[in-house]
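J.: From just these sequences and the hints, can you work out the full model?
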Amino acid sequence: MDFTALEIAKKLNGTVEGDANVFINSLSKIEDAHAGSISFLSNSKYFHFLEKTKASAVIVSKNIKVSDRISTTLIRVDDAYAAFTQLLILWSESSAKKQVGIHKTAQVDPTAHLAEGVFLGAYVCVGPNSILEEGVQVHAHSVIGADVQIKKRTHLHPRVTLLDQTKIGAHCILHSGVVIGSDGFGFAPQGQNSYLKIPQIGNVIVHDHVEIGANTTIDRATLGSTVIQEGVKLDNLVQIAHNVEIGKNTVIAAQTGIAGSTKIGAHCVIGGQVGIAGHLTLGDGVQIQGQTGVIKNIPSGKAIQGTPAVEYKSYYKSYALFKRLPSIESRLSSLENNR
Amino acid sequence: MDFTALEIAKKLNGTVEGDANVFINSLSKIEDAHAGSISFLSNSKYFHFLEKTKASAVIVSKNIKVSDRISTTLIRVDDAYAAFTQLLILWSESSAKKQVGIHKTAQVDPTAHLAEGVFLGAYVCVGPNSILEEGVQVHAHSVIGADVQIKKRTHLHPRVTLLDQTKIGAHCILHSGVVIGSDGFGFAPQGQNSYLKIPQIGNVIVHDHVEIGANTTIDRATLGSTVIQEGVKLDNLVQIAHNVEIGKNTVIAAQTGIAGSTKIGAHCVIGGQVGIAGHLTLGDGVQIQGQTGVIKNIPSGKAIQGTPAVEYKSYYKSYALFKRLPSIESRLSSLENNR
Amino acid sequence: MDFTALEIAKKLNGTVEGDANVFINSLSKIEDAHAGSISFLSNSKYFHFLEKTKASAVIVSKNIKVSDRISTTLIRVDDAYAAFTQLLILWSESSAKKQVGIHKTAQVDPTAHLAEGVFLGAYVCVGPNSILEEGVQVHAHSVIGADVQIKKRTHLHPRVTLLDQTKIGAHCILHSGVVIGSDGFGFAPQGQNSYLKIPQIGNVIVHDHVEIGANTTIDRATLGSTVIQEGVKLDNLVQIAHNVEIGKNTVIAAQTGIAGSTKIGAHCVIGGQVGIAGHLTLGDGVQIQGQTGVIKNIPSGKAIQGTPAVEYKSYYKSYALFKRLPSIESRLSSLENNR
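Chains as they are written, first to last, in the working numbering: chain A, 2 to 340; chain B, 2 to 340; chain C, 2 to 340.
Bear in mind the hints are in silico, worked out from the structure with no lab data behind them. The model shown is predicted, which means the values in this text are computed figures rather than measured ones. Idealized CB from N, CA, C, for every residue including glycine. Hints are not guaranteed to be accurate.
Stated by the list, open to error - Derived BS3-like pairs (lysine-lysine); straight-line CA-CA distance at most 30 Å:
{"#": "1", "chain 1": "A", "residue 1": "K297", "chain 2": "C", "residue 2": "K324"}
{"#": "2", "chain 1": "C", "residue 1": "K12", "chain 2": "C", "residue 2": "K63"}
{"#": "3", "chain 1": "B", "residue 1": "K198", "chain 2": "C", "residue 2": "K63"}
{"#": "4", "chain 1": "B", "residue 1": "K12", "chain 2": "B", "residue 2": "K63"}
{"#": "5", "chain 1": "A", "residue 1": "K249", "chain 2": "B", "residue 2": "K30"}
{"#": "6", "chain 1": "A", "residue 1": "K297", "chain 2": "B", "residue 2": "K30"}
{"#": "7", "chain 1": "C", "residue 1": "K30", "chain 2": "B", "residue 2": "K297"}
{"#": "8", "chain 1": "C", "residue 1": "K297", "chain 2": "C", "residue 2": "K324"}
{"#": "9", "chain 1": "A", "residue 1": "K55", "chain 2": "C", "residue 2": "K168"}
{"#": "10", "chain 1": "B", "residue 1": "K324", "chain 2": "A", "residue 2": "K303"}
{"#": "11", "chain 1": "B", "residue 1": "K324", "chain 2": "C", "residue 2": "K105"}
{"#": "12", "chain 1": "A", "residue 1": "K324", "chain 2": "B", "residue 2": "K324"}
{"#": "13", "chain 1": "A", "residue 1": "K53", "chain 2": "C", "residue 2": "K297"}
{"#": "14", "chain 1": "C", "residue 1": "K30", "chain 2": "C", "residue 2": "K55"}
{"#": "15", "chain 1": "A", "residue 1": "K297", "chain 2": "B", "residue 2": "K12"}
{"#": "16", "chain 1": "C", "residue 1": "K198", "chain 2": "A", "residue 2": "K30"}
{"#": "17", "chain 1": "C", "residue 1": "K264", "chain 2": "B", "residue 2": "K324"}
{"#": "18", "chain 1": "C", "residue 1": "K324", "chain 2": "A", "residue 2": "K318"}
{"#": "19", "chain 1": "A", "residue 1": "K264", "chain 2": "B", "residue 2": "K314"}
{"#": "20", "chain 1": "A", "residue 1": "K30", "chain 2": "C", "residue 2": "K99"}
{"#": "21", "chain 1": "B", "residue 1": "K303", "chain 2": "C", "residue 2": "K297"}
{"#": "22", "chain 1": "A", "residue 1": "K198", "chain 2": "B", "residue 2": "K55"}
{"#": "23", "chain 1": "C", "residue 1": "K198", "chain 2": "A", "residue 2": "K303"}
{"#": "24", "chain 1": "C", "residue 1": "K53", "chain 2": "B", "residue 2": "K249"}
{"#": "25", "chain 1": "C", "residue 1": "K30", "chain 2": "B", "residue 2": "K249"}
{"#": "26", "chain 1": "A", "residue 1": "K105", "chain 2": "B", "residue 2": "K99"}
{"#": "27", "chain 1": "B", "residue 1": "K168", "chain 2": "C", "residue 2": "K324"}
{"#": "28", "chain 1": "A", "residue 1": "K303", "chain 2": "B", "residue 2": "K314"}
{"#": "29", "chain 1": "B", "residue 1": "K198", "chain 2": "C", "residue 2": "K12"}
{"#": "30", "chain 1": "C", "residue 1": "K105", "chain 2": "A", "residue 2": "K30"}
{"#": "31", "chain 1": "C", "residue 1": "K12", "chain 2": "C", "residue 2": "K55"}
{"#": "32", "chain 1": "A", "residue 1": "K46", "chain 2": "C", "residue 2": "K249"}
{"#": "33", "chain 1": "C", "residue 1": "K153", "chain 2": "C", "residue 2": "K98"}
{"#": "34", "chain 1": "B", "residue 1": "K264", "chain 2": "C", "residue 2": "K53"}
{"#": "35", "chain 1": "C", "residue 1": "K297", "chain 2": "B", "residue 2": "K297"}
To be verified - Rough simulated footprint, nothing fancy, chain B against chain A, three-plus residues with beta-carbon under 8 Å:
{"#": "36", "region": "177-185"}
{"#": "37", "region": "196-207"}
{"#": "38", "region": "217-227"}
{"#": "39", "region": "237-248"}
{"#": "40", "region": "272-285"}
T.: Right under this line is the structure:
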């Protein structure tokens, strides 16, 4: 696509300084930009790039001052980062290749129901009684079991697996390698240290506007449902065990694992590689640093770190002294020797 | 399926209190139960649900006392949890859709041998000289390489990969996204900081009654075999490196990783996100808390935590004092100032 | 294949002691060896196996002395480990089944370009405008999106996903379940604690001689490219976030995660389950112990451990005292009581 700087400025409610007719055909980071590309500046540590950038246009905030030597066109907006995000969205929508139709190799059970405008890629399988609503996109090699429901405009990237009875909301995005509805990890101890598998007859319910990262796994409930509430964002390689519930708009970074039956509140922010034990309750707005290990309930609004987790600030104070333990121990020895 | 409370009581060697003829058509958690469902009570913290549950029947232990106001039918057994597990097993067996036959899209090498009653789903591939015994179920999109053996009644969920020479025992369950037999991570340092790949010509052997969670990876041995003994249970996203051996009935929670050539004993219980270094030996019955990092051999029966791991109780004593380091340091300062 | 000990010795520039005509048909670890197999000895703790091994031949270094009672044939070389690695390479090359041709079920877009000698297995998909160079091998069920480039002799194991615009170098090996080019995890906070997806319009570039382990995920850049430089080795279940760059010949063990926009230098050695925060710069030759959490820039050549990471030696000194905290606290109490 080709736009002029002026056309872009209009879309972003901005104003142009410099050549308003310069053509833009790509988006770039300011340090990598070339002629024809538009970039943005919001972090002051990148301001020095402005004089030497090859970008044809740069989006900046209204209030920043720039030197006279700038040759690139500026688009002034209220919030450069937000405006650039908006431009990214416009750009990706205009370049998205909308795919439609059912690939001839797709295997669809005759009892499945596919609404208008559903796309099924090559080798996709859809099992008995599954329902795919309007605009659902299922890319190559995804496997959808029996009695699955997928609401409108949800997008499955290649090689997603939704096992029987899984329910996915509208406007969700599931990345490649996601597995939803695998058996929970439940075993009853028997004699001779062996285990009996406890059947997992529940399911997984994912609400609207959820995004789930590549190779993330979400197990079905033993009874009832594992529940991912509206607006949750899960990064890659996350593990959600059986009967877990994740509250609205909570965000979880890569490689975090949540053990069985734990309930997590709304709008929490959970770092990467965090481990949360089973049967716990975490309140709303909890913030958890990367690699933290949580083994007890956490009230709303707390920020925590460490294994086992303590309040973030306490952890930092203790850790600062942990680093100084050799000197603390020498001070102690010196007192002992001098008494 | 519909059963009466009496029919269920007979199957569980229990006795009925209340309406023995009430119909049961589903299993529920006591807090979510509705008319027609049966639940159970074993944890005393859920006892208050008994008066208000909508369950048509509840399985309870012989010795618990209940108030007069209870309207639901009770089924009294020796051990409510064990009886409910037994009921879950009966239920899931009676509702399991037994799948048979070879899907028309399955690609089976002419030299492969499929026994009676093998099920191959859509787009399954089976390579040269592979042998699938009686009752093996391989769901859609699984890929089985050359010279693979799978013993009777083992179940592969959709999208499992078994690479060449892998051997899987009987009655195993492999969940979606499992990869078995990928190359071990072995490189010989060369000049200029580069590496030469060491070919991995061994294989993986998984014995009977093993369950392997979604997206778990098990690498083939450099020479010889990576071995998972009978009854082992691996959760999701676990990593087992080349030449590892896991002893009988050991249970490993999600996202744990075990480095090359380490031998782990029988009936160990290993938490989630544990890391175990290479070339170690862990005894039988070792218990490892989540997120522990193991860098030396561990004798049988130890319970450990921390990075690097120490005995569980020692870790807790030290960690309790770690949290109090600011006060310990002030006490030290105060002594220094007062001498 | 069958070789005599003499033939093998010649390939390895070695000399034979004992029966030079003994036939070798397999490679084994010395403790598992049987008649017909060749093994090696480089670690002195295995020397006691030499007298009782059933191996028909053993590769040993020139300078080791052996007892008279040894009946196996010895092949003497400068460096037994290096020579055995060389033999493994020769062996695996001679036994590799070179696969060629396009399987009849492969779906190749008419605008894709497949060079001479490309192999596509069953159910492989190749999207529009993708280019696969000479000798590329793509095994069953791999999915290659649009505008993907794969350079010569790169090998994709079964069930790899390369999303649109991904570029893979020559002589790379990608194991099963790898996902390259999934969306980076980027969201702009909105009102009411919800998030707006930031489109990820960049790509992933993987240079030559890279190996990527099973179920590892590499996200595409928001803008520009996520870059894996030449010779990098990634183990299984590793997470590489958007806009990360990994320097030449860096080696990363299983389950490590690297957050967005972090740049890692050349020839670093990074242990398993390490977490590295976003927007950091790590120098060349950095060594990171397993489970370390990195939250600030690290200069070249440092060895680090802990969460947050400190220098390896400092961590060990502090951790030694952490273990002794109960005794340190008693010593402090004792001083307090005696003043």
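J.: The structure should be examined with respect to each hint, and the outcome stated for every one.
T.: Structure-based check of all given hints:
{"no.": "1", "hint": "K297(A) to K324(C)", "in the structure": "holds (23 Å)"}
{"no.": "2", "hint": "K12(C) to K63(C)", "in the structure": "holds (16 Å)"}
{"no.": "3", "hint": "K198(B) to K63(C)", "in the structure": "holds (25 Å)"}
{"no.": "4", "hint": "K12(B) to K63(B)", "in the structure": "holds (16 Å)"}
{"no.": "5", "hint": "K249(A) to K30(B)", "in the structure": "holds (23 Å)"}
{"no.": "6", "hint": "K297(A) to K30(B)", "in the structure": "holds (23 Å)"}
{"no.": "7", "hint": "K30(C) to K297(B)", "in the structure": "holds (23 Å)"}
{"no.": "8", "hint": "K297(C) to K324(C)", "in the structure": "holds (26 Å)"}
{"no.": "9", "hint": "K55(A) to K168(C)", "in the structure": "holds (25 Å)"}
{"no.": "10", "hint": "K324(B) to K303(A)", "in the structure": "holds (17 Å)"}
{"no.": "11", "hint": "K324(B) to K105(C)", "in the structure": "violated (64 Å)"}
{"no.": "12", "hint": "K324(A) to K324(B)", "in the structure": "holds (13 Å)"}
{"no.": "13", "hint": "K53(A) to K297(C)", "in the structure": "holds (28 Å)"}
{"no.": "14", "hint": "K30(C) to K55(C)", "in the structure": "holds (11 Å)"}
{"no.": "15", "hint": "K297(A) to K12(B)", "in the structure": "violated (38 Å)"}
{"no.": "16", "hint": "K198(C) to K30(A)", "in the structure": "holds (18 Å)"}
{"no.": "17", "hint": "K264(C) to K324(B)", "in the structure": "violated (34 Å)"}
{"no.": "18", "hint": "K324(C) to K318(A)", "in the structure": "holds (18 Å)"}
{"no.": "19", "hint": "K264(A) to K314(B)", "in the structure": "holds (28 Å)"}
{"no.": "20", "hint": "K30(A) to K99(C)", "in the structure": "violated (43 Å)"}
{"no.": "21", "hint": "K303(B) to K297(C)", "in the structure": "violated (36 Å)"}
{"no.": "22", "hint": "K198(A) to K55(B)", "in the structure": "holds (28 Å)"}
{"no.": "23", "hint": "K198(C) to K303(A)", "in the structure": "holds (26 Å)"}
{"no.": "24", "hint": "K53(C) to K249(B)", "in the structure": "holds (29 Å)"}
{"no.": "25", "hint": "K30(C) to K249(B)", "in the structure": "holds (23 Å)"}
{"no.": "26", "hint": "K105(A) to K99(B)", "in the structure": "holds (28 Å)"}
{"no.": "27", "hint": "K168(B) to K324(C)", "in the structure": "violated (44 Å)"}
{"no.": "28", "hint": "K303(A) to K314(B)", "in the structure": "holds (27 Å)"}
{"no.": "29", "hint": "K198(B) to K12(C)", "in the structure": "holds (19 Å)"}
{"no.": "30", "hint": "K105(C) to K30(A)", "in the structure": "violated (43 Å)"}
{"no.": "31", "hint": "K12(C) to K55(C)", "in the structure": "holds (23 Å)"}
{"no.": "32", "hint": "K46(A) to K249(C)", "in the structure": "holds (27 Å)"}
{"no.": "33", "hint": "K153(C) to K98(C)", "in the structure": "holds (18 Å)"}
{"no.": "34", "hint": "K264(B) to K53(C)", "in the structure": "holds (23 Å)"}
{"no.": "35", "hint": "K297(C) to K297(B)", "in the structure": "holds (29 Å)"}
{"no.": "36", "hint": "177-185", "in the structure": "holds (count 4)"}
{"no.": "37", "hint": "196-207", "in the structure": "holds (count 6)"}
{"no.": "38", "hint": "217-227", "in the structure": "holds (count 5)"}
{"no.": "39", "hint": "237-248", "in the structure": "holds (count 3)"}
{"no.": "40", "hint": "272-285", "in the structure": "holds (count 3)"}
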